[in-house]
Structures are given as structure tokens and as C-alpha cells.
Amino acid sequence: MGQRLTEGKADPSEVSIIVNLSGRGDKDVETAAAWFDMLDEDGNVKGTTLSTRAPKGPAERSAAEEQRSTEEQN
Amino acid sequence: MDAPTSKPEQNAADAFLQGGASLRNASGPYFGSYGGRWMPESLIAALDEVQDTFEKAKADPEFIAQLNDLNKNYSGRPSLLTEAKRFSQHAGGARIFLKREDLNHTGSHKINNVLGQALLAKRMGKTRVIAETGAGQHGVASATAAALLGLECVVYMGAEDCRRQALNVARMQLLGATVVPVTNGSQTLKDAINDALRDWVTNVENTHYLLGTAAGAHPFPAMVRFFHEVIGEEARAQILEQTGKLPDAVCACIGGGSNAIGLFHAFLDDSSVKIYGFEAGGDGVETGRHAAAITLGRPGVLHGARSYLMQDEDGQTVESHSISAGLDYPSVGPEHSYLADIGRVSCTPTSPISAASATNPSRTPKRWTRSGSCAALKASCPPSSLPTPWPAPSRWASALPKARQTPRRSRSS
Amino acid sequence: MSENTASKAAAAIDRAKAEGRAALIGYLPAGYPDVQASIDAGIALARNGADLIEIGIPYSDPVMDGPVIQAATTEAIANGFRVASVFDVVAGITAVTDAAVLVMTYWNPVMRMGVDEFSRRLAEAGGAGLITPDLIPDEAAEWIEASDKYGLDRVFLVAPSSTPERLEMTVKASRGFVYAVSIMGITGTRQAVSGSAEKLVADTHAAGAERVCVGLGVSTPEHVREIAAYADGVIVGSALVAAVRDGGVDAVGKLTKDLSAGLRREPAQA
Chain A
1 MGQRLTEGKA DPSEVSIIVN LSGRGDKDVE TAAAWFDMLD EDGNVKGTTL STRAPKGPAE
61 RSAAEEQRST EEQN
Chain B
1001 MDAPTSKPEQ NAADAFLQGG ASLRNASGPY FGSYGGRWMP ESLIAALDEV QDTFEKAKAD
1061 PEFIAQLNDL NKNYSGRPSL LTEAKRFSQH AGGARIFLKR EDLNHTGSHK INNVLGQALL
1121 AKRMGKTRVI AETGAGQHGV ASATAAALLG LECVVYMGAE DCRRQALNVA RMQLLGATVV
1181 PVTNGSQTLK DAINDALRDW VTNVENTHYL LGTAAGAHPF PAMVRFFHEV IGEEARAQIL
1241 EQTGKLPDAV CACIGGGSNA IGLFHAFLDD SSVKIYGFEA GGDGVETGRH AAAITLGRPG
1301 VLHGARSYLM QDEDGQTVES HSISAGLDYP SVGPEHSYLA DIGRVSCTPT SPISAASATN
1361 PSRTPKRWTR SGSCAALKAS CPPSSLPTPW PAPSRWASAL PKARQTPRRS RSS
Chain C
2001 MSENTASKAA AAIDRAKAEG RAALIGYLPA GYPDVQASID AGIALARNGA DLIEIGIPYS
2061 DPVMDGPVIQ AATTEAIANG FRVASVFDVV AGITAVTDAA VLVMTYWNPV MRMGVDEFSR
2121 RLAEAGGAGL ITPDLIPDEA AEWIEASDKY GLDRVFLVAP SSTPERLEMT VKASRGFVYA
2181 VSIMGITGTR QAVSGSAEKL VADTHAAGAE RVCVGLGVST PEHVREIAAY ADGVIVGSAL
2241 VAAVRDGGVD AVGKLTKDLS AGLRREPAQA
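Protein chains in written order, with the numbering used here: chain A, 1 to 74; chain B, 1001 to 1413; chain C, 2001 to 2270.
One should not assume that every hint holds.
Straight-line Cα separation of at most 25 Å, SDA-like style, residue types lysine to any residue; simulated pairs [unchecked claim]:
#, chain 1, residue 1, chain 2, residue 2
1, C, Lys2254, C, Gly2080
2, B, Lys1122, B, Leu1149
3, A, Lys9, B, Lys1072
4, C, Lys2199, B, Thr1202
5, B, Lys1274, A, Arg4
6, B, Lys1072, B, Leu1175
7, B, Lys1245, A, Arg4
8, B, Lys1058, B, Tyr1030
9, C, Lys2172, B, Tyr1030
10, A, Lys9, B, Glu1241
11, C, Lys2172, C, Ala2192
12, B, Lys1058, B, Lys1085
13, B, Lys1274, A, Gln3
14, A, Lys46, B, Leu1175
15, A, Lys9, B, Leu1149
16, B, Lys1274, B, Leu1081
17, B, Lys1056, C, Glu2165
18, C, Lys2172, B, Ala1045
19, A, Lys9, B, Leu1240
20, B, Lys1245, A, Pro12
21, B, Lys1274, A, Glu14
22, B, Lys1245, A, Ser13
23, B, Lys1085, A, Glu14
24, B, Lys1245, B, Lys1274
25, B, Lys1085, A, Lys46
26, A, Lys9, B, Ser1088
Note that these hints are calculated values from the structure, not bench results.
Assemble the whole structure, with the sequences as input and the hints as a guide.
Written out as C-alpha cells, the structure reads:
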């Protein structure tokens, strides 16, 4: 858009454009990280165990622990 | 998906301006042939009540003072207008100014409308507000305003969006709101709105529906725009102060179109200012998986307004797709349909696919189309080393979050 | 209410009235579970006591419908339902029964086909008219013109929240009957019929409506009996859809028979 608007202008810096930055974009971080090929298959930042997914809540954690202890018993 | 419908001749807006008429402050219910109230009779009385309360409040200095005070001392307005100096080299040397709605409390423009409507809810004596949310920005803003003003808050959110934006769900819950995951239909924003409307028609006596975008039945499009007009008014004054003249162009992303109409409104009558709206191109407009309602939809009615709508040949709503959660809405605010028809606003879908083939300089430059979502988002995070090699579309597809790769039921033909 | 001697819905209600009872109106979605089955279910409705039949067009965004109807219409669409099939369903039922068959539809599918085209094809199929849950008379200029042209009934809705001015305006715009929504809410079975229904029917009659039928949340013979005492017709939806789901055509026939037992205005023992 900037290129189109500045086409043929002797001084392109005379052209100004306002872009509305509607929000912070936290919601899009995972998408952007994926775009820049920064994530592995599990959604972790490559080479780390840092996940872009939400941390497990208490209910999920206890369910996971229960499953693990059941598996151990068996 | 239907072939694009032809737009009326592009000089209509110029004629409009030359005739001395203003495009500002259109009060609804109609914007050209768009807008209206395509709603169940059960909700008409509530819409009348909202309209009446809104119009009285708008003319009440006390209400305006209260709103201005919240904007200043709660949201943190005015938001900054920041020049992105290093970004100019990607924009042909043009100076790029970012209107920083991200700096508002709760992190987006949504708070402007939410505070206004929550105050109206109090004026109407409602004790409960409901809202829909896509990515969670409007839900978080609604939960925040409800906490501020002591209102009960219920937020409807597509089950898929709840999973993808779990942190925002937690945030709303921490603010005291109830989040209802919506499992009907396509489980996305439009279905969240359906469920919110079902709640509203059932609980209208004590409940206000805090609709988050400039769409829906009258008075919502005109009212939501009114609360967001502050964006454009500030930006216009700020750019005059910083550059001494009006901008050559203003632009914003359009999902339902609330941030866009808020910015555009102040510039509608400035005929020298070009106005651009960017719709979500999703996986590419050729794929049918996008949210470019104005560019590729045709007029229809959804959620109470006649507007451009993504629909199949039976009039069933086609699911929208956007890489940016939050732009995923298959229709658009009716005023945007009108402004696009008369040529005052130019709308372009942006997607990685079209970016890959955009070798013709007359087409939208790559910079602006790379992520298929919000132009503003891109402008906010220019890459540190230049030039950045853009991933090929095939790699983009494989890099998408998993849920997005699953083919979803689509009636698009 | 604009009068038209050709109103099929009015004629069906008047026939019931002549028998000293309210009319029974049964709702079924077109194409659920498939087109032929919905025709068979409609015929079973008519043969077991329904005077009018309301055929719903499955739509992607049914904001006035509760879970039962939503599930059925979603399934119909998933099974490949096309809007034009609704004319086959209407024709299939009117070919073999005397029931007046109305189509209930959200407005966008009609708008997409073209209001005139849709109306012409509905009239050709023998349909009586349209019930329009998300179209108010204020937005209905095109439909009013087309329904006059093709002699179709226009059934608009009134709600407990409707103002006297809106009641009067809606009554004037309607033909056939006026659909009184018994409760502020969406379709679905409920324990009891709301007390607001009787007042709304009285107000709608007072606003000039000759025929007022009550729907939303009506599911049992007891509900039917209660409403038949003051309304010209009783509309049953979700309960019949659940019958199709759980027991097919036979279950629809049986439920219709049970419901129609409640129609007589005089209690049985009198």
C-alpha cells in the first residue's frame, strides 16, 4: 500500500499513512510463532520445553496424576 | 462461494462529497440498502429501549462526561500515535503512524465500546450483561467493565476458540465472568452470537446484550461506531500535530469492523484521505476458506442486519476462516458494506496465497499481505533483519496450528 | 388483519372452529431425517388430527430455536438438505391431505432465492404461506408484495414484549393468523405454559386479529387443553421433532392423536 501511494513521488516521506493497531496481539503469538517456523510439532518453542499452549489447570493436572498412578499400579 | 458481485461505480463518494453532504454521523437504521432490523419480534422492544437510552445518553452532558472520564482515567486514553520509522523502508518510504489501541486497558480497542454500553446497561437498570467473543478481546473487555460497574457477566465463546485462547478464558473467569463454551453449529464466533441472542431473548428483562462489533440490528452499528469514533478523532488531531497535515491514507483490519469504522469515521469527509480496509484472506480467497465478506460475499441478512455475507447458493452461512483469531466473522458491519459500495472505502482480502503471487507492483504489496490477517498486526512487529524471506505457502500450511489443518465442514461450493 | 378469502390457513382454522375446537398446528423440519421421511411425517400429522402443518427450512443460524430443533435441522443440512426441496415436501403433503401447509423460515434463504421466485414456487407447490420468525413487518415490503401477488398467507409473530402499537401494526400486516409467542425465549419443551400467553392472545384479538395461535414450549395434551380454551390454534414443535427422532413416523402419528384430544374447548366431562 505504501509503495502504491508513494509511486512517482519525488519525496515519498511526504506521504503519511495511519494504521490502526487494534489490539495487543497476544492472541496471535502462537500463530506468528508457527509462521516463523519457531515451534516444534508439540507446539513447544523449538529446542525448549516452553509451550505456547495454556498451562494445565488443577483439574487436568490431577486427572493426569491419577492416570499416571493407575498406570503405575497396573 | 459466489462470484464477487459488482460494486456500483466508484465515483459515488466523490459526488457525495462534492454535493456537500456528509458521510459522517449516519444514524441508521439504514446505510444505503444495508442495516435494518432483521430480528425476532421478541427482541424489538429491547432494541427500542437500547436505542432510546443511547440517544438520550448521547445528548446528556453528564453521560458524556462520565464516558470521557472513564476513557481518560480508566482506559488510558488518548492512545498514542506512534511513528514506526524503520517500517518506512517497507512502505516505499511513506511515513507510517500506528494508532496504538493496543495500549488501552485490557489491550485492545474493544474497551471503548464496552464502557459505553455497560454505562447504558446501568442506565437501563439491567443487572446482567452478556457478550460474545472470538479470540477473547471483547470478552475480556466485557468482563472487565462488568467487574468495574458491578454487573453480572456471561461470555459466549466458540468451543474451538476456548481451546485456542485458554488464557483469555481464565482471564475472564478471574474477572468474575462466566464463560460458556458454544458447541453448536461451527463452534465459532457466529455461533457464539447465536447463543448470546438466544440468551438475550430469554433473559431480556434484566440483561443487556453487549455486542462487540459494529454489526447486528439497529441501533448496534451506529451505537458501537459512536463509542469507537474517539479512535479517529484522536488520530486526526495527532497526525495534524505531528505532520502538520492530514494523512494520505488510513487503514485497519475488518472482521465485523468496529475498530475500522472507529478510525475511518473521522476521515470520511476528508476527500483527500484514502481509506483502506483489510479483510482476512484466510487460506486464500481461491480456497473459499477466508473471511472476506465484502470482497467475496453478497448481500444477505445475519444477526439482524442486511450486509455483505458469506453464504452459499441456498443462503446458508458459509464458515469464515482467518489466521488471526478474531477476524473470523462471515459478515461485516452494514456501514462498511455501504462505504465499500459507494467506493469511499477500498476493501482488500489479505492472505499468504495472494502474497505469493503478488509480483505485480500494482497489487497489494507483500509486506501487507503476508500473514493473511490484520495489517496492523504486521506493522507492529517488523522483522529485525531485512529482508525476511517469506515462507512458501506450502510451508505455511504445515506450520499452521494443528486445529487449523483439520478440514472443517464447509458448504462452500 | 388483511383479509383474503383465499387464505388457506384461515380456512383451516375456521373449519376447526366450526367443529367447536381450536386448530392444531404441528411443526416438522423439512429434510429430517431425509426429504421423503419428512413428507411421510407430515402426512401422519395431517391424518392424526393436525389442521395446519408448519414445515421448517433447516438453516445454519436458527437463533429462535432450542436444542431439539437445532439438532434436527443441523442433521438435515449435514444430510445434504437443499432449500428447494422444501417445495417437494409441501407438494408431497398437500397432494394427499387437506391440511394447510405453511413454511416456517428464517429470512436469508428466501432472500437468497429471491422473494418473488420463492413465493411463486411455494404457491405452485400448494403451500399456504410463510411463518417468518426473524422478519418483522417493518422489513417486509418485498414479502408483502409477493404474498399478495401469489395469494400466500403472511404469519408474523407477536411476543409478550410487543407494544400495543406494534401489536396493531403486526396484526394489520398479517394474513391467515397471528403467531403469539407464549414466552420470552426460544423453542423447546417446557413444564408449564407461561401465564403471559393468555394475556397476549387477548391483546392481539383486541388489536383486531381474528385468529391468534400460540406456540413455543407447547408439548403435552394438557398444554394443548389449556391454550385451546382461549386461542384459535395451538402450535406444537419440539415435542413432535423429538417424536420423529425417537420413534419415526409412527411416533409422530401417536403424539398428534394424543395432542388433538386436548383441542375441544369444553372439558370432556361437561
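Structure versus earlier hints, numbers of those that do not hold, lowest first: 1, 3, 11, 12, 14, 15 and 25
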